[in-house]
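Chains as they are written, first to last, in UniProt numbering: chain R, 1 to 270; chain D, 1 to 227; chain S, 1 to 278.
Source of the hints: derived by calculation from the structure; they are not laboratory data. Since we're looking at a predicted model, the values are computed, not measured. Yeah, the Cβ is synthetic: ideal placement off N, Cα and C, and Gly gets one too. Please note: incorrect hints may appear among the correct ones.
Claimed, not checked - Pairs of lysine-lysine, DSSO-like flavour, derived with a Cα cap of 30 Å:
(1) Lys172(S) with Lys80(R)
(2) Lys149(R) with Lys54(D)
(3) Lys164(R) with Lys172(S)
(4) Lys123(R) with Lys172(S)
(5) Lys237(R) with Lys164(R)
(6) Lys80(R) with Lys187(S)
To be verified - FRET-style restraints, in silico, Cβ to Cβ:
(7) Gly276(S) with Gly35(R): 29 to 35 Å
(8) Gln248(R) with Ile178(S): 51 to 57 Å
(9) Ala226(D) with Arg8(R): 48 to 54 Å
(10) Glu129(R) with Phe38(S): 46 to 52 Å
(11) Asp56(D) with Ala98(R): 30 to 36 Å
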Amino acid sequence: MAANIIDRRRINGPQRSVEPLYTHVDAAADPFASGRGDGRALDQVRPIFVKTGPLSAHRSESALSSAAAASGAAFYEQGKIRVSCAVYGPRQGRRSSARMGSFDCDFRYAPFACSWKRRSHVKGADEREISLMLEHAIAPAIRLEAYPKACIDAYVTVIESDGKAATIAAAINCISAALADAGIEMYDSVAACSMGLTGARWVADCAQPEEDAASCSMLIAYMPSADEVTYILQHGKTTPEQTDQAVQTCTNMCARVYAVICRYLQDSLE
Amino acid sequence: MTRPDRRDAGQIRALHCVLGQLSRADGSAQFAAGDSSVLCGVYGPVDVRVYDEKLDRAHIEVKLRPATGLPNTKDKWTESVIRSTFEREILCHLHPRTLVQINVQVRQDDGAVEAAAINAATLALVDAGIPLRTMVAAATCAVLPGGAIVVDPTLEEAAGAQSVHTFAFGGDTAGGPLHVDSRGDFAMDEYNACYDICATTAERVLAFMRSAVEGKIAKEALLVGAS
Amino acid sequence: MANTGPVTFAIEAFKRIHPVEFQRRFLSQETRHDGRAFGQFRETHVAKGTVSTAQGSSTVRIGDTTVVCGIKAEVSEPDVKTPDEGYLVTNVDLSPMCSARFRAGPPSESAQVASEHVFRLFNQNVVDLKELCIESGQAVWVLSADIVCLRHDGNILDAAIVALMAALEDLKLPQAKIESGVVSADKSTGRPLALRRRLFPATYTLVDDAYLVADADDAEEQLATASVLVVVDERGRVANVWKRGAGPISRQSISQCVDVATGRVPKMAEVLDAAGGQ
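All chains, please: the whole structure from these sequences, using the hints.
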């Protein structure tokens, strides 16, 4: 019900607008009552599609690419989730005396990306928080000492989201692919995966209705070749054993996601 | 056909202009057509921010303030139209690494205010002594639902019109238009008719502006001669 | 003349150091740096219903320029002056994600101008605001159309107009009724919005004061001294002729642009129809 903030640099609608009260909403019973809605196994990640570079079918010759084009770009789909990312850099940093390069991330939802009310153009607290999370999850993988005085910027936009934790995981995977496309030196690509706890079972890669029904969500960013975890985020309560189990399963799934992304990146070179 | 303000279809509203009204600006002009009135102040060439600095020419900046309220996207749109129209007509390369700032204040909006803003900007630039390739004049006309074409429409006429056409020309109207904005629902015949009408109107407006500038220079010459 | 041999450049270096000269070499040979003829448009790809979280959506690609348009339908009170009219809100978002030319933060001038131009083209001209009325004086629909650019490679206005047109055609407004001040809507029943006309854009750009090219890409736009946007509808009527920049484009050339744009309508209509929906 928040009032739309009037920004004179945009076309504005009325001061206040709300979603209508939807009747005939799909019966919000337990989404896990009869297996998963889309027939996936409990530890199955939604199908992934990655594409680096421009979105057109034929990659234009790099020699003739536009001067304003990003250093690297990627488009990532995971089920209904769609994320687009552009990476610039290494380019001149803001702190000229820094011995290490810096990695900055700007995460945004498109105004229509969420299944509920339209998002305001004003950057929300959650978007700032996720930007920071992405920086923390990815930065350990980049050889920042190789880029003194420089900065690397990643701009991520979510076109469609379906499950918050899964969307963040998708954003991490998308940035990894874009960094590889930009030729940034990295120790390893970061792959991320999310899970939700329903009852006593961990369910991989929850869609929005599943996430709403889950009592706990877990997000892990992991570097499979180095076998190092770069980021863990858990919401909700579990026993330590359950967390252990989740970390184990999640890292396994991350390895599978990683394989998919790497296979794509290899194919794109040929 | 008579119009609400008893003008003929091809008749523009009474033009009025004052040059050098603002004492602190390098050049200024007020241009009014009937109840539409625009005040324009030009500063330049002045210091430019490092970010905007261009090595081979002057940077042109246009700021437009509406008659009421704060500037919004509509005013930004008009700003961009004025800037893109004058960017080429100002001899920018004569003043590299400087800024020419065109400040437009709409005093009263009663239709055809974009044309009035362009005309006011021309006069203010001339008054400031900024070298121009040519003097720019603009005119607006509207096609009413019946198919009648009225020149220099008021806000009321434009709101009910089928299409509204604004053209800006340099000193030689045969050289093609500098700026065109035709919008609404129209056929090319109507567009061409409006083009012709606006071209002749722009010539008349230009003649008026020229005599205003000449009048001011003559007055200044008299003052210099007297002292 | 210097007695050294001819200076050789890698093509990329040449393009970056002398962008004007680079383009001139092609244009003076009656061709363009991407191999197109002057009058040749890039292929337009349209997909409707690409975002399930929006009530109407589309993805449009013109060459490498890619935009996504999503329309969210919400409910609000109408303006007191127009009690039976809804709202259409169109915003074009040009973030640093789509091109290095844009900065993060509030909308740049080009984004504001694009938003405003698209808004003027569609508000009342395409979308009849009275169609968005739920209950006069009490509740109306607000259509928030956000056009997000994913890759900017020139001609963003054409892409935005096609995307908004496709998203509006894809839009399904749920049946809504108002009971004691609460608007309820049935998600399962959607009616398409009746549109007044179908708009088809075409942009011509004058490069280096001499060459009028269709559908310029980013590199060509950087050297543009003028451009003409022509928007026509399916009945052969013109909705907009907008010449920006004072570069010399003759009256005849503008008329020719309108003719070409009109001639392109059947093909573009086919592309828009074939886009289907989900």
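To see whether the hints hold, each was checked on the structure:
1. Lys172(S) with Lys80(R): holds (19 Å)
2. Lys149(R) with Lys54(D): Holds. Lysine 149(R) to lysine 54(D) sits at ~27 Å (cutoff 30 Å).
3. Lys164(R) with Lys172(S): holds (26 Å)
4. Lys123(R) with Lys172(S): holds (28 Å)
5. Lys237(R) with Lys164(R): Since the Cα atoms of lysine 237(R) and lysine 164(R) sit roughly 17 Å apart, the hinted pair holds (cutoff 30 Å).
6. Lys80(R) with Lys187(S): holds (19 Å)
7. Gly276(S) with Gly35(R): 29 to 35 Å: Holds - the Cβ-Cβ distance for glycine 276(S) and glycine 35(R), about 31 Å, lies within 29 to 35 Å.
8. Gln248(R) with Ile178(S): 51 to 57 Å: holds (53 Å)
9. Ala226(D) with Arg8(R): 48 to 54 Å: Because 49 Å falls inside the window, the suggested range holds.
10. Glu129(R) with Phe38(S): 46 to 52 Å: Distance hint for glutamate 129(R), phenylalanine 38(S) holds at roughly 50 Å.
11. Asp56(D) with Ala98(R): 30 to 36 Å: holds (34 Å)
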